[in-house]
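Chain A is already provided as a structure; the job is to place chain B on it using the hints.
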Amino acid sequence: MKAVISIIKREMNGYFGSPVAYVFIVIFLILCGFFTFQFGDFYNGNDASLRTFFVWHPWLYLFLIPAVAMRMWAEERRTRTIELLLTLPVTLPQAILGKFLAGWLFIGIALSLTFPIVITVCYLGDPDIGQIVAGYIGSFLLAGCYLAVGSFASSLTRNQVVAFIICLVICLFFVVAGWPPVTEALSSSVPLSVANFIASLSFMYRFDSVQRGVIDTRDLVYYASVITFMLAASSVVLTSRKAS
Amino acid sequence: MIQVQHLIKLFGNFRAVDDVTFDVAKGEVLGFLGPNGAGKSTTMRMITGFFPPTSGTAVVNGFDIQKQPLEAKRQIGYLPENAPVYPDMTVEGYLRFIAEIRGFSGEELRKKVGRAVEICSLEKVLPQTVDTLSKGYKQRVCFAQAILPDPPILILDEPTDGLDPNQKFEVRRMISAMAENKCIILSTHILEEVDAVCTRAVIIANGKIVANGSPEELKRRSSLYEAVTLSLDNVPEDEAVSALAALANVAKVEILKKNESTLVLRALPAGGNIIAPAVAEEVRRRGWRSTQFHVEEGRLDEVFRNITRQ
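Chains as they are written, first to last, in our numbering: chain A, 1 to 244; chain B, 1 to 310.
Okay, chain B solo, but in the shape it has when bound:
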């Protein structure tokens, strides 16, 4: 539903976004990751038509944002960074304004506003002006604004920024609930969020896409992928390390923690091979007592650091 085609944005001589191309299909939640200043917001602003790209374009549900901006903008609900909502308006007045400017009126307008208020649980603050709201509520008002017209496409720039853990959970729940029938792009630098809600992640650094795949695929790039962490009771350190290191496909054994009786080890696989069964077998064969045994999925934060730090 969204085709981003060779987007380039120059600010003077600075290439903020450098030839970014990706597609997002219906039902997908695309996590847009990158360090601060990597070009996430700039890309989103071009897709939503806030400013034009230097070259390239984005096609949104069949409408080119450059050639048919109004039709394209009608397809999109957009939550900009930091939730900029008019501070002097009441929540109700603001949502009615959004509904009106999006072309709703009468009964339909009432319904759309009511639905957005319900989804975002804003009933209590309706008569309050926005500047009296807490950050969490402000973010929710802006989120309500984005979903109000029930658009096929949602673009959310750091939707959980500044929220407390409960509110973050709530926002992610709302996103997941809507994901099925929509196409959602959300930017974030919170990696757990990608795990929690995204079906695919695009990592961008210095304006360029450096990785594009499902969270699982990305995690496979981690050196920890399929590593085994185990704790052993009353096993000599040298014996454990040398025994595990001798197994096929084990590249390295690290000691994470040790005290008198307990030893916590991590065996890292060579080339992403599966080593858990072999390690388990070795533990059993030697009759070691293992109180913990854990296979790592790989860590996104490690992949993220490796990819974006160059």
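Excised from the complex, chain A in its bound form:
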């Protein structure tokens, strides 16, 4: 556990030691505001909730999280620092977990900096705090899934740009699998059970259910299994390809 914490600390210093982290946070906050107020039409919605805020998150994460995750392993392999890291008294799962948790924490910090919108909605109306908390939890879990996919994508290649694109493509699949236009198209062409199955794999499907303010065990199990599966996949890939 101590080893994991050292890795988390190192990665966090890595994020905040470069301007990229601040640029990322600023872009994330600007886009959140822009989508919520411009496209979401927050004020005219006349609704004291953060629905119009959270609904954009899966799309924002689609581009921003691959950018956070892409260097995770690709850079270690390119600079060969992976050789030193894995010959320290650290196991590969510890290293993968440490890097993942650091990235997640970083996104958590970016997400928590959106708090002014909570203040705004509380000032303007009388929102359901429980629903807002559920919204944040759901969004954070969703970010974890994207990041775990990013960890996997980053372990596949030594090139960060390639890692970014692979992560984006996989995440896009997970998002659109439950996107209404796709689900409708699917349900008219394949048996309903298959269409439902595909939709239930989607990030969107789970995200919507949490956004309604209910944190269902099934959703938690879903998020936990996606994250575990993707991190385990990173481990399998790195075991066989770390030296190349």
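Since the hints were made in silico from the structure, they are not lab data. The C-beta atom is built at its ideal place from N, Cα and C for all residues, glycine as well. You may find that some hints are simply not true.
Chain A residues, not near chain B, derived (Cβ > 12 Å throughout) [claimed, not checked]:
1) I5
2) F63
3) A110
4) V176
5) A224
Stretches of chain B that chain A covers, calculated by requiring three or more beta carbons in the stretch to come under 8 Å of a beta carbon on chain A [said to hold, decoys possible]:
6) 86-98
7) 217-224
Straight-line C-alpha distance at most 30 Å; calculated DSS-like pairs for lysine-lysine [said to hold, decoys possible]:
8) B:K124 to B:K67
9) A:K9 to B:K67
10) A:K2 to B:K168
11) B:K252 to A:K242
12) B:K135 to B:K111
13) B:K26 to A:K9
14) B:K112 to A:K9
15) B:K67 to A:K242
16) B:K182 to A:K2
Coordinates of chain B only, in the frame set by chain A:
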């Protein structure tokens, strides 16, 4: 302290390391030699647990790297090839990270970092990020990282690669200073380094061990071992050559250099016999004036070429 047992590594069908077995004891500095691509780094990566061998194993200070990887890795300080250090970290931050991940904290951590910084003379560059450092400093930072926990075993992959002669000297001095209480393996293709710091040399070619012995033992395999090089003034070439060649145990006499007055000759012994006294006696008896007289120890580079070129 290190037992390497029948290590084999296959990359596809390519046998990168083919049944390598050797032991290293405390106090030994083992030079691991071989041409590029012979399997030196691959062997070291298996001993340090970076990747598993196809078969065989290494036991490090009593811990099997395959069965008890964490304990085994705690015994080892490792300097990988090309000193891969995180480029965006400061030297101080990096060494603190290494100390922390190796389980040190508080006062002990400060002491360990301080000691490594002192040994490697890194005081001046502590606040700099690694990517601003010269190659020599980068190598020293990585060396500092390896010795930081004061491990019983050091594995150094080309520790002096890319350093200037002063820095090379400095690194060798550090290695020699630590050798007594540790067990050190270092790979290199600089043969003078073996002479300077190693107590034993293992030569590997195409993944197989082709020689294992002290530098002196290896040099004995050289055709130059115990050869005598001498320069003579005002002695006719034919007379000198025939006189020396007639001596017992002299296999061959070569002319290395000649001008009007000086003749430089080398007498090669047959079967590694000692010929220097006989040659000296002959020079004295004939009343030749010899301005130089040198007994060769044998050349590692020649042995290395002969062994690895097949």
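Outcome of the hint check:
1. Not every beta carbon of chain B lies more than 12 Å from that of I5 of chain A, the smallest distance being close to 8 Å; the non-interface claim is violated.
2. With 12 Å as the threshold on Cβ separation, the claim that F63 of chain A sits away from chain B holds: the shortest Cβ distance comes to roughly 23 Å.
3. With a cut of 12 Å on Cβ distances, A110 of chain A stays outside the contact zone with chain B, its closest approach being about 20 Å.
4. Against chain B, the non-interface label of V176 of chain A holds: every CB pair exceeds 12 Å, the least being about 35 Å.
5. Annotated as non-interface, A224 of chain A keeps its C-beta farther than 12 Å from every C-beta of chain B; the closest such distance is 26 Å.
6. Counting residues of the segment 86-98 of chain B whose CB lies closer than 8 Å to any CB of chain A gives 7, which reaches the minimum of 3, so the coverage claim holds.
7. Taking a C-beta to C-beta cut-off of 8 Å, the segment 217-224 of chain B contributes 0 residues in contact with chain A, too few for the three needed, and the coverage statement is violated.
8. Restraint check for K124 of chain B and K67 of chain B: the C-alpha separation of about 41 Å exceeds 30 Å, so the hint is violated.
9. Under the criterion of a C-alpha separation no larger than 30 Å, the hint pairing K9 of chain A with K67 of chain B is consistent with the structure, at around 29 Å.
10. Distance hint between K2 of chain A and K168 of chain B is unfulfilled; the C-alpha atoms sit about 36 Å from each other, more than 30 Å.
11. Distance restraint check for K252 of chain B and K242 of chain A: the Cα-Cα separation of roughly 54 Å exceeds the 30 Å cut-off, and the hinted pair is therefore not satisfied.
12. Under the criterion of a C-alpha separation no larger than 30 Å, the hint pairing K135 of chain B with K111 of chain B is consistent with the structure, at around 26 Å.
13. Annotation: proposed proximity of K26 of chain B to K9 of chain A is violated, straight-line Cα distance about 36 Å (limit 30 Å).
14. At roughly 19 Å between alpha-carbon atoms, K112 of chain B and K9 of chain A fall within 30 Å of each other, so this suggested pair holds.
15. Distance check on the hinted pair: K67 of chain B and K242 of chain A sit about 20 Å apart at the alpha-carbon level, within 30 Å; holds.
16. Restraint check for K182 of chain B and K2 of chain A: satisfied, since their Cα atoms lie roughly 27 Å apart, inside the 30 Å limit.
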